[in-house]
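Undergrad: Produce the complete structure using the sequences and hints provided.
Single-letter residue listing:
2 protein chains.
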Amino acid sequence: MRPIRWAAFAAVSFALFACSLTADDGIWLLNKFPKQAVEKKYGVEVTDDLLNRLQLASVRVLASGSIVSPSGLLFTNHHVASECVQQLSSKEHDYMRDGFQSASEADEKRCPGLDAEVLLSIDDVTPQIAGNIAAKVPASEVNATRKANIARVEKECMGRTGNRCQVVTLYSGGQYHLYRYKRYDDVRLVFAPEFAAAAFGGDIDNFTYPRYCLDITFLRLYENGKPAQTPDYLRWSKEGVKEGDLVFVPGNPASTGRLDTLAQLEFFRDTSYPLIHARLGSLIETLKTYSAENAENKRVAADNLSSQQNSYKAYTGFLSGLRDVQLMSAKAAEEKRLREAVNADPSMRESFGPAWDLIASAYKSFRSDYAPYWLIESQATRGSELFRIARHVVRLAEERKKPNSARLKDYRDSELQGLEATLFAAVPVSPSMETAVIANYLEFLRTTLGANDPTVRAVLAGKSPKEAARGYVSTSRLANVAERKRLAASVNAVRNSKDGMIRLALLIDSRARALRKAYDDRLEAVLTENVSKIAQARFRIRGEADYPDATFTLRISYGKVAGYKDERGRDIPYATDFAGLFNRAKGVEPFQLPARWLGARSSLNLKTPFDFVTTADTHGGNSGSPTVNTKGEIVGILFDGNIESLPNRFIYTDETSRSVHVSAQGIAEALQKVYRANRLLKELGIEQ
Amino acid sequence: MRPIRWAAFAAVSFALFACSLTADDGIWLLNKFPKQAVEKKYGVEVTDDLLNRLQLASVRVLASGSIVSPSGLLFTNHHVASECVQQLSSKEHDYMRDGFQSASEADEKRCPGLDAEVLLSIDDVTPQIAGNIAAKVPASEVNATRKANIARVEKECMGRTGNRCQVVTLYSGGQYHLYRYKRYDDVRLVFAPEFAAAAFGGDIDNFTYPRYCLDITFLRLYENGKPAQTPDYLRWSKEGVKEGDLVFVPGNPASTGRLDTLAQLEFFRDTSYPLIHARLGSLIETLKTYSAENAENKRVAADNLSSQQNSYKAYTGFLSGLRDVQLMSAKAAEEKRLREAVNADPSMRESFGPAWDLIASAYKSFRSDYAPYWLIESQATRGSELFRIARHVVRLAEERKKPNSARLKDYRDSELQGLEATLFAAVPVSPSMETAVIANYLEFLRTTLGANDPTVRAVLAGKSPKEAARGYVSTSRLANVAERKRLAASVNAVRNSKDGMIRLALLIDSRARALRKAYDDRLEAVLTENVSKIAQARFRIRGEADYPDATFTLRISYGKVAGYKDERGRDIPYATDFAGLFNRAKGVEPFQLPARWLGARSSLNLKTPFDFVTTADTHGGNSGSPTVNTKGEIVGILFDGNIESLPNRFIYTDETSRSVHVSAQGIAEALQKVYRANRLLKELGIEQ
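Those protein sequence lines, which keep their order, are chains Z and P. Under this note's numbering, the first residue of the first sequence carries the number 1, and numbering increases by one thereafter. Under this note's numbering, the first residue of the second sequence carries the number 1, and numbering increases by one thereafter.
One or more hints might be untrue.
Pairs involving identical chains hold if they fit within one copy or between any two copies, as the list cannot separate such chains.
[What the hints assert, rightly or not] DSSO-like cross-link-like pairs, simulated, lysine-lysine; straight-line CA separation at most 30 Å: (1) K364 <-> K586; (2) K409 <-> K298; (3) K401 <-> K498; (4) K586 <-> K336; (5) K32 <-> K485; (6) K313 <-> K288; (7) K40 <-> K485; (8) K586 <-> K565; (9) K673 <-> K565; (10) K466 <-> K109; (11) K466 <-> K155; (12) K242 <-> K517.
In case anyone wonders, no lab produced these hints; they're calculated from the structure.
TA: Put into structure tokens, the structure is as follows:
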């Protein structure tokens, strides 16, 4: 999954268990939506029919999206689909810069390796997964058995239905649900605005509000070479939004840490996030330097740079939350109260009491391994297409020989189809950018682990990071898809390969696997077991009011269209308009509007709402979620959260944190007056 | 003059000559204050008595300040006086971190080398300066004659009155006024808050609003070892400010470029400011790295780092204005109209017509010399105490031998007293910080001018920048005041000195002087002559409605206390309050409040106004200006402008640009409840 633009979140306020049902918090499971709370607060009845329609029109595609016509038209963010836009571009046709508009179905261009999934059903499979593991010790064996159970259940479902099946771990192991998806492996680009309009304000405005981004792209799902028939689609609202409206946001939030313990948060604050932050900062500098060399480099690196900048800014916000003494005191108080409640009950005390300390000591014992784990295993290939391919080729060859349940997670049968689609897609590879990124990786590795680290010595082999990177990239043929397939089919072909990038991946692979195993056995296993205990304790005390932390699966958030008074006392209106966009368009990047926009200015109704904010609880992965009114119609599309919403990853407040959406009215106005996108307007039912 | 915190500006709007009397623009000369315009707009009569009181209570001290008691109490910004606070601090007593409060007169500590001046009189001396130069050619000779005339008039005045006298060039040479000052060379520290309270929000909040800074310091003027008698002082207002109030801001704006031609602005945008920006960025990185090493380094570098960051952010704002196509088109249109008006009148056309092109070609011819000029002559010593001292010692020895009128400007008789007071003051010198700053200078010099530049080769002499810097600093004895005096007294002592820093200053001095001469003859002389012509043309067309660009001399601005709607449509209230301060105090630098503040929280009236904004036209150098109501009472103190005000350096708008002040009510509340500064409160008349 690619980095996601923003993050936003759910409503618990700073007191434990307080007022969560008066605020619009929650990334709710489809089958546990808090209908009563919404009806009580908004006087709106949420019917099963509405929830069902939202489920069948929602799409998991890199992040989120929705179906908006009976012919497979898929609506998502530009920053979600930008990898495709970048890959379809060339020196001659720069669709990132100029935008893309298909004049007819024949013009629609297939996105390399991109697939999309629609959730068909959810089944509780907790007994099948957790039934036979209760008596096992140690934690690492429990973990292995659980993984084997999951692999088995998924494979059985896939064999039976032919669909993609995935077991989702909820409440940190409190429940296991089987999600069954219809998968589309042919997704084509229909319409994209210019990057300058989609990401107006660039890195400066990212994660801020007021905002002026047309962060939209239209794709189309194809089946058997024809537009897919999609009778369950969402209609475009004629009215759009106004202040105070209730909206629903279905989508796939990817990661939240609301239930994390204090020890986890401190580990993030002091160990992992600072490393991630430093790595991203260093990679961004490299990509900026590379981009500054010439126009073609700038074009090639555009999507990569903007992704890394987005992650960097997100971690800046997360860190700012973790370094906020008020937030951390609130989390500490929350944990103290929960532990006191557990300790007050002898049976809970025995079962759950030690969980917090066990988690803390697992983090402590893993601390010194974290940097090598993250750099050599978890995020080694960040920013590099070739390195990502090389690692998958090396591992695919090896993992495929193993029984399904013994494989690394990414290579289980349930994942293989998607992985191969991405891995064997023809995508542009820029050797010069690859060299720059790999050199930066090697240099960062040396700085962080030291010149005497065995992996550092092995990968540098006496060369400078630049020389070494040049050697690996210049001798690689992995840009060629056939070569990838040839290698991935045979362990021997991989082992004997002289391909530079394959050699690099092999050089670090055994240590990377060892670090992964250490992580799984010493940290993840302890976490899974004990976080699950804490979740059970919460569940006993709290009942069904809780929703599980995010799992990149379909959830529904709801909230109100509402301005706010920000931390510095400024009154922030709920919506921006086109007049504000032109006012902020200074003519200098990233505040430069495309010529087409400047030309259309006089024809636009400048008071049309452009972007707007809501209290909906959304997070990274929700990007591209449709914003839907109580009639189930599209009134906008989520694309970001404000900077105040980032600490909501850990604890929800809705005083100043907001989700940021593009308004349906703004999109219609731009499609009509700026892009004259008549084909699209007709299909959306906006024009006859 | 030290870098100044903020900048803000005057009111011309984006159309030439339009509405300048309906907006609150103008940095007005004391003797040309627009009384009628103010009376018409605000219904307030501005009397000569009020202007006179403002003049005699205003103080030029690094930037601006005012006298606020009959016993010489001087009120200015913390960031103006912070150099003194830093210099009085030691490892044992860190007044920057902890603040300073004198319990009695005996506790007040003298600021090393600091002097302060009060303006006594203004006389027009245009005939004496410009009378005998009309017929001279070339421009360089005109320039030399003018400088000689100025030196003569200043010296004559000084001899006659015993005061410090300075000829001020107004309207770019359209007029020359003789300013006579009473000078105080004994200024002592009375009260300073903690840096964390004075500069709350640090570099992040600098040049932004809403804001929460207690950016104040109290000093005291002494005469003959006793507090000075100052019957002309400003009283503290009991009411403070409220929205809509008219206020006056007397002070010393240092530099504006409202009358600059397009060629000048383009030179700033494309040549000089990017260089300055890069140099500051590089120096800031060096100081941050140095500060991160340990707590003592952090203490030592605090003021230096915050000054450089302040300049960096100011240039960021200036550049953003110059890169704004709307601003530049407005300036281009303004210039076009003025040139058309000049060309439409045959006599004006002959006298003034060629001025713009002559300026443009002077900039063009100097462009390739600009980087060496700026780095070797103009700003060589930036960030270094020892290098600044070394250059002055080297030049003082040499210049003193010359006749007054032939000396470099800084060494004219009128400047000598002030220069020697600073140069021979005992100030702390940190060899480790000096080494870091000089190394950064040498490295930047090499990067910018290239390794083969003769000055670069001479100063590095085959060493790395770090080695070279270590050599210069470790062999210097200039931290010793007696050594400075000994050297400055004799050209031979300087020439034979083995002092590392003296050698460094000598190594670059002849090229530096040559670059200065080239600058004076080829650029400054052309500018003086032709900018003056443009000013005369404007004057003929516009009449007395114009005020001259800033000259770091006393001006009066006026404006309204007023919130605004910012560029992104947010409603910004006119004032912040203490509640907002505590809300923004996250407990992490630079949003960490001192313990004293946290302890006083419950006793404070949290609704007390803290900082507020006005439309007054203020600029760098205005820092510390009193904010005065129509009764001539203190209602606040200016300390900054918002980021939107920075482009006002070139063209005034008051839609979103604002000056930022600390409120008198907020200061009183903090002095009473947080600092319990009873002695000060009594002297200010706030408490009995």
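Undergrad: Work down the list of hints and note, for each, if the structure agrees.
TA: Now for the hints, and whether the structure bears them out:
In this assembly of identical chains, K364 and K586 lie within 30 Å of each other by CA distance solely across copies; the values are 27 Å between and 50 Å within a copy. Taking identical chains as interchangeable, the C-alpha atoms of K409 and K298 are never at most 30 Å apart, the minima being 35 Å within one chain and 48 Å between chains. In this assembly of identical chains, the alpha carbons of K401 and K498 lie at most 30 Å apart only when taken from the same copy (22 Å versus 76 Å across copies). Within a single copy, K586 and K336 get their C-alpha atoms only as close as 51 Å, which misses the 30 Å cut-off; across copies the closest is 22 Å, which meets it.
In this assembly of identical chains, K32 and K485 lie within 30 Å of each other by CA distance neither inside one copy nor across copies; the values are 44 Å within and 83 Å between. Taking CA atoms no more than 30 Å apart as the test, K313 paired with K288 passes in both settings, with 15 Å inside one copy and 21 Å between copies. For the identical chains of this complex, K40 and K485 are neighbours neither inside a copy (57 Å) nor across copies (83 Å), given an alpha-carbon limit of 30 Å. Taking the shortest alpha-carbon separations for K586 and K565, both the intra-copy value of 26 Å and the inter-copy value of 18 Å come in at or below 30 Å.
Only between protomers do K673 and K565 lie at most 30 Å apart by alpha-carbon distance; the minimum there is 28 Å, versus 33 Å within a single protomer. When the C-alpha separation of K466 and K109 is checked against a cutoff of 30 Å, the pair qualifies neither within a copy, at 36 Å, nor between copies, at 56 Å. In this homomeric assembly, K466 and K155 never come within 30 Å of each other (Cα to Cα): the closest approach is 44 Å inside a single copy and 64 Å across copies. Taking CA atoms no more than 30 Å apart as the test, K242 paired with K517 passes in neither setting, with 52 Å inside one copy and 66 Å between copies.
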